[in-house]
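Student: Assemble the whole structure, with the sequences as input and the hints as a guide.
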Amino acid sequence: MSLHDELRRFIVSELLFDHDAVAVDDDTDLLGLGLVDSLGLARLVAHLEEEVGMTVAYDDLVPENFATLAQLLAFVERKRAVHP
Amino acid sequence: MARSGGPTVRCLPELLDRSAAGRPEATALVVDGASLSYGALAEESNRVARWLRGAGVQRGDRVALGLPKSASALAALYGILKAGAAYVPVDLTAPASRIAFILRDCAVRHLVTTSRVLGPLLRLPAGAVSPLAVLLADDVPPDHGAVHRVFPWTSLHAVPSHDAAAPAPAPADDLAYVLYTSGSTGEPKGVAISHRAALAFVDWAVRTLALRAEDRLANHAPYHFDLSVLDLFGAAAVGASVVAVPDAIAPFPQPLAALIHGQNVSVWYSVPSALVRLVTAGRLERFDFPRLRHVLFAGEVFPVRHLRDLMGRWPHAQFWNLYGPTETNVCTYQRVSADDPPEVPVPIGRACDHAEVFAVTETGGIAGPGEVGELLVGGPSLMRGYWGRPAASAEVLVADPRRIGDPHPVYRTGDLARVNPDGTYSFLGRRDLMVKSRGYRVELGEIEAVLHRHPDLREAAAVAIPDEEIGHRLWAVVVAREGSGVGAQAVRRHCAAHLPRYMVPERVDMRPALPRTSNGKLDRRALLTEATRGIDAMPRDGELASP
Chain A
1 MSLHDELRRF
11 IVSELLFDHD
21 AVAVDDDTDL
31 LGLGLVDSLG
41 LARLVAHLEE
51 EVGMTVAYDD
61 LVPENFATLA
71 QLLAFVERKR
81 AVHP
Chain B
1 MARSGGPTVR
11 CLPELLDRSA
21 AGRPEATALV
31 VDGASLSYGA
41 LAEESNRVAR
51 WLRGAGVQRG
61 DRVALGLPKS
71 ASALAALYGI
81 LKAGAAYVPV
91 DLTAPASRIA
101 FILRDCAVRH
111 LVTTSRVLGP
121 LLRLPAGAVS
131 PLAVLLADDV
141 PPDHGAVHRV
151 FPWTSLHAVP
161 SHDAAAPAPA
171 PADDLAYVLY
181 TSGSTGEPKG
191 VAISHRAALA
201 FVDWAVRTLA
211 LRAEDRLANH
221 APYHFDLSVL
231 DLFGAAAVGA
241 SVVAVPDAIA
251 PFPQPLAALI
261 HGQNVSVWYS
271 VPSALVRLVT
281 AGRLERFDFP
291 RLRHVLFAGE
301 VFPVRHLRDL
311 MGRWPHAQFW
321 NLYGPTETNV
331 CTYQRVSADD
341 PPEVPVPIGR
351 ACDHAEVFAV
361 TETGGIAGPG
371 EVGELLVGGP
381 SLMRGYWGRP
391 AASAEVLVAD
401 PRRIGDPHPV
411 YRTGDLARVN
421 PDGTYSFLGR
431 RDLMVKSRGY
441 RVELGEIEAV
451 LHRHPDLREA
461 AAVAIPDEEI
471 GHRLWAVVVA
481 REGSGVGAQA
491 VRRHCAAHLP
501 RYMVPERVDM
511 RPALPRTSNG
521 KLDRRALLTE
531 ATRGIDAMPR
541 DGELASP
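Just so you know, the protein sequences line up as chains A and B, in that order. Mapping to my numbering: the first sequence position 54 is 54, numbers consecutive. Mapping to my numbering: the second sequence position 96 is 96, numbers consecutive.
Simulated from the structure, these hints should not be mistaken for lab results. No false leads were mixed into what you were given.
With beta-carbon atoms standing in for the labels, derived distance ranges:
#1 R123/B <-> R9/A: 22 to 28 Å
#2 R23/B <-> D25/A: 45 to 51 Å
#3 P407/B <-> S13/A: 52 to 58 Å
#4 D18/A <-> P125/B: 19 to 25 Å
#5 G56/B <-> S2/A: 52 to 58 Å
#6 V140/B <-> E49/A: 36 to 42 Å
#7 P342/B <-> V62/A: 29 to 35 Å
Beta carbons are placed, not taken as given, at the ideal position from N, Cα and C, and that holds for glycine.
Tutor: This is how it looks when you write it as structure tokens:
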């Protein structure tokens, strides 16, 4: 599974609980929907650290990195480029 | 009532109108970089009130408010009150079925919201929502068929903005708002609060914190959480500014710290977990907060270690532990001192002067120093009752055991407390299956009722695992019907369709059977022990990452 598909799977299954009222695409507003609230952010960060294998620093915890799937993917790829 | 200067205030919107008349140019609200003056807020709320009355709102109606923090939302909130109605704030992230339940439960006929909330409501089966008149803040009406009347925000332009011409200010005993909270029988229940009750609390807060026009009160809590009552109406009472914390900023510690710093917030009020994230991951050393003078927290126990860290960061601020269920709003308070013993949880303190607080022991006596009892609360801030639930109301609004024949009821909180030698109270826990998670009340019985509605589950239990950072984490342990093949994810999906996000179990364990005690009752202690054993593998809020 590509990183994009894996992150999308995590959002749909673990943050949205597969609830089908919302379709998640690259530009879905994850913050506005409340998917990335304090609980969702903690789960997402744990997933990135434990499953994707990257380190998320306090300075990375800004809305721009988590607002949409596209922004999340860009954030992860940027971090991986610096610390492969 | 409102002793904070000027003539007696009888209803909440008078706080706004007095401040608008005195200093119309003063900033009422700062949100997303824009600001709104008291004069403009008063005028816009007048338009909303006139519009609502034109759309059929009558005194005593309930009008649902489903808007994110914004100028429109605040104008709508005051407009609803000026129209003589009570506002019913809905959780914007709740599933549509739950929002629809709330609208039906308190017979809402008018809704102020956005298309994002309205769209899913309209897709529910016919009959789930009674016909509504809807005022949309975002001007993009979804296809609403013939059942509902939907109007864009621009329809307010045709409405005059001078005083709302209400027949008379709402009498103090009219309802101001209905806040829905978790109910043990499987359905949320609406806590109905009058203007008098809200004003009693607001007046106490204004005097105790010496709020003044120069203050800037952060509004962190969403409107459906009663912490917002202090932020909004405390500010309006003195003509101070509200600094809205957008929902998109709230989870992020550093942007939140930057907002408090950049907007010169002077009064902060939130659940402790938001402050724990700030002190652990907010890089507070990068900012200064010279204007911050009050830090208030309520809703759960603040882990002492993090509280001490935060007090060290903000030595010039006063820290206050507030306690009170939605049914009474804040009824006890404790100023936290740097000299307090560092390892002892902060007491919830002593009664506010608008409240009478006492504890009743298991044998029915009034608890004295050193004794433990259930907290009871009397005074003007009590709710009128749960909307449309006289039996449930009568269970908790009881005759005052100290004064036979007194017509004023007292509220049974269900919270157990110890009376300290100095007369303050220390919170110990609950008498029942209600827990706190991120400051929200969660009835395990409500989660279990939803689980039991799943056709493929034979048995189900909800477990609350104590957690230092967020109060409790929620798990479900379920037994599937033989041959049903239902999986954990399907059970979570079912919960997410019927419960607000903070009540959806983060993990569902499928079991062949639930542990039972010798007399066949669910063995909750065994469940908790088993669940706690497995908790270490789960991600934790306060340990997001190393810097």
